[in-house]
Amino acid sequence: MSEESSHLPGRVPRSPKDVRPDLDDVDRRILLALHADARISNSALAEAVGIAASTCHGRVRRLQEIGVIRGFYTDIDPAAVGLSLQAMISVSLQSNARGKIRNFIAHIRTRPQVMDVYFLAGGDDFILHVAARDTEDLRAFVVENLNADADVAGTQTSLIFEHLRGASPL
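The opening residue of the sequence shown carries number 1 in UniProt numbering; numbering runs sequentially from there.
Just so you know, these hints were derived from the structure itself, not from any lab.
Errors might be hidden in some of the hints.
As the list claims (entries may be wrong) - Restricting the straight-line Cα-Cα distance to at most 25 angstroms, the calculated cross-link-like pairs of lysine to any residue (SDA-like) are:
#1 K100 x L85
#2 K100 x A150
#3 K100 x G123
#4 K100 x L32
#5 K100 x V143
#6 K100 x D124
#7 K100 x R165
#8 K100 x Y118
#9 K100 x L120
#10 K100 x I69
#11 K100 x A148
#12 K100 x D149
#13 K100 x M88
#14 K100 x I51
#15 K100 x V114
#16 K100 x V68
#17 K100 x H129
#18 K100 x N147
Using the sequences provided together with the hints, build the complete structure.
Written as structure tokens, this is what we have:
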């Protein structure tokens, strides 16, 4: 491959140390289709991408084996199951609690209100995406699970008005 052809429009040149798997345009079309509808049948996916069903099945399996596809998930609307209030909670740990980060993650992930945990670099250590029945339920979660934890230095809660799914990262 020539120097010029490795710099295609819309593609970032890869570092020689980049160990990510190579994905071709067919792989990317498969990923885009699955991002839009993870329940699409293999035959419909193959047709949408323009390849044989057996080839499509093999490609999806390969994308799973190499860790590009981490899983297939059901997107549950929290409001539909009685959890109409969502929030993002920034959490900072005490400076002497840095050795307990894994313990904090393991514990907080077991709480039923926690939808996602983001471990961060920067001013805050974590952002928690939580769902609660109402403001009282949210307050109880923060007080009982965060403020009561001696390793937590502080929290800041931001209410979510609306959650919109973004475009595929491809």
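Query raised in the report: Hey, K100 versus H129, does the alpha-carbon distance stay inside 25 angstroms?
Result: holds (20 angstroms)
Query raised in the report: Between K100 and L32, is the straight-line Cα distance small enough, at 25 angstroms or below?
Result: violated (38 angstroms)
Query raised in the report: Is the Cα-Cα distance between K100 and G123 25 angstroms or less?
Result: The hint holds at about 17 angstroms.
**Report entry** Agreement of K100 and A150 with the hint, judged by alpha carbon distance not exceeding 25 angstroms
**Finding:** Measuring from Cα to Cα gives roughly 11 angstroms; hence the hint holds.
Query raised in the report: Can the restraint linking K100 and I51 be considered satisfied, given a maximum Cα separation of 25 angstroms?
Result: The hint is violated at about 49 angstroms.
Report task. Would you check the hint for K100 and D124, treating anything up to 25 angstroms between C-alpha atoms as holding? Result -> Cα-Cα ~15 angstroms, so holds.
Report task. Starting from K100, check that the Cα of L120 is at most 25 angstroms away, please. Result -> holds (15 angstroms)
Report task. Measure nothing beyond the straight line between the CA atoms of K100 and V68; if it is 25 angstroms or shorter, mark the hint as holding. Result -> Measuring from Cα to Cα gives roughly 30 angstroms; hence the hint is violated.
Query - Pair hint outcome, K100 versus L85 [Cα-Cα no greater than 25 angstroms] - result: violated (29 angstroms)
**Report entry** Agreement of K100 and V143 with the hint, judged by alpha carbon distance not exceeding 25 angstroms
**Finding:** OK: K100 and V143 at ~20 angstroms, within 25 angstroms.
Query raised in the report: Is the hinted pair K100 and V114 satisfied, with a Cα-Cα distance of at most 25 angstroms?
Result: Holds. K100 to V114 sits at ~19 angstroms (cutoff 25 angstroms).
Query raised in the report: Regarding the pair K100 and N147, is the alpha-carbon distance no greater than 25 angstroms?
Result: holds (16 angstroms)
Consistency with the previously given hints fails for numbers 1, 4, 7, 10, 14, 16, ordered from lowest to highest.
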